[in-house]
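A.B. asks: Sequence:
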Amino acid sequence: MSKKLKTGIIGLGRIGQIHLANLLYHTPGAEVVIASDVSEAAHAAAKKAGVATTTNAEEVISHPEVEAVIICAPTPQHVPYTIAAAQAKKHVFCEKPLDVTIPAIVSAQKAVNDNGVKLMLGFNRRFDPNFARVRSLVNDGSIGDPHIVKVTSRDPAPPPLEYVKVSGGLFLDMTIHDFDMARYITGSEVTEVYVKGDALIDPRIKQYDDIDTAVIVLTFANGAIGVIDNSRKAVYGYDQRLEAFGSKGMAKAENNTPDNVIRFDDKGGQSALPLHFFLERYEKAYQSCMHSFVDCVLNDKPSPVDAHDGLMATVVGLAAGISLKEGRPVKIEEVYKRS
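Per my numbering, residue 237 is the first one in the sequence shown, and the count goes up by one each step.
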């Protein structure tokens, strides 16, 4: 029988439940030994599957059978748990962002390197089949030298204000996925960020120094230009599109819909709306993402999304925040000087 990776999960909120189900039912190479959450009410699905549960995350990290820890706790706990797991010689899968500060991310990166364990960040959109196909077409030269990358990411509805208070802001909560995707598609680092944005959906968001609508222009080291547009509310649903334009052509991925039927009548055509939200839209991506983590551990492969990727997504997010506040382009190197 093939070896299985024995995992433990910290955090059984919405994303933790997704990873729990994927590990239990969609990842043959893994098993879940133990899961933790401070709320015993969140333990139900794990208990039903015969997984041991606890309210103490340290019990997951110290469990003698656990070889890899899946961290789905709130962001402030990502780095402490990553470091503790690394020091216990456990591999780590951690949800994004690793942290919202450079020094903390660097400390986690050092702990992982010093202890010879693997760290993978949960930037699941890299594993979406259509986005991955665009990446392969850029990578193999099919569209030539990349000139423009466009990412559209719009949510179907804004989050509650209680969430906005603690989210870290649009750039480090929502757009961070798009920053990672832009780097992934171009295969190049961002050198400069320029942002225009406002709270056009719910002005109350401003009281938390946040926005809900933004257009971001990225400059890459290879000369490409990136454009990201974000909105917290698209009335027609979860809008997730990607385009890469280059010297030899273009590749684009449109929204996923429940079907591709267009119905016509005397008033025109009508098609299905995009899949409602990220749970539906990225269902396969979440599964593929976890498969990749398990594979990289069991077969000693490089992490497909490592600490450097997490660091750069956060750095670009911090640069975006400075740009919005000061109304000017911000060089990435400036963010390092401020840290």
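Calculated from the structure, these hints are not laboratory results. Take the hints with a grain of salt, since some may be wrong.
Claimed, not checked - DEER-style ranges, computed between Cβ atoms:
| hint | residue 1 | residue 2 | range |
| --- | --- | --- | --- |
| 1 | 463 | 505 | 25 to 31 Å |
| 2 | 325 | 531 | 42 to 48 Å |
| 3 | 350 | 531 | 19 to 25 Å |
| 4 | 439 | 383 | 34 to 40 Å |
| 5 | 267 | 536 | 40 to 46 Å |
| 6 | 294 | 507 | 49 to 55 Å |
| 7 | 439 | 312 | 26 to 32 Å |
| 8 | 502 | 267 | 54 to 60 Å |
| 9 | 343 | 531 | 26 to 32 Å |
Stated by the list, open to error - Dumping the calculated DSS-like pairs for lysine-lysine here, alpha-carbon to alpha-carbon at most 25 Å:
| hint | residue 1 | residue 2 |
| --- | --- | --- |
| 10 | 240 | 284 |
| 11 | 386 | 567 |
| 12 | 325 | 537 |
| 13 | 354 | 503 |
| 14 | 354 | 469 |
| 15 | 346 | 573 |
| 16 | 240 | 325 |
| 17 | 239 | 561 |
| 18 | 386 | 325 |
Idealized CB from N, CA, C, for every residue including glycine.
A.B. asks: So, for every hint listed, does it hold in this structure?
C.D. replies: Structure-based check of all given hints:
no. : hint                  : in the structure
1   : 463 x 505: 25 to 31 Å : holds (28 Å)
2   : 325 x 531: 42 to 48 Å : violated (20 Å)
3   : 350 x 531: 19 to 25 Å : holds (24 Å)
4   : 439 x 383: 34 to 40 Å : holds (37 Å)
5   : 267 x 536: 40 to 46 Å : violated (19 Å)
6   : 294 x 507: 49 to 55 Å : holds (50 Å)
7   : 439 x 312: 26 to 32 Å : holds (28 Å)
8   : 502 x 267: 54 to 60 Å : holds (57 Å)
9   : 343 x 531: 26 to 32 Å : holds (27 Å)
10  : 240 x 284             : holds (21 Å)
11  : 386 x 567             : holds (20 Å)
12  : 325 x 537             : holds (17 Å)
13  : 354 x 503             : violated (56 Å)
14  : 354 x 469             : violated (37 Å)
15  : 346 x 573             : holds (20 Å)
16  : 240 x 325             : holds (17 Å)
17  : 239 x 561             : violated (51 Å)
18  : 386 x 325             : violated (40 Å)
When the structure is compared with the earlier hints, violations turn up for hints 2, 5, 13, 14, 17, 18 and for no others.
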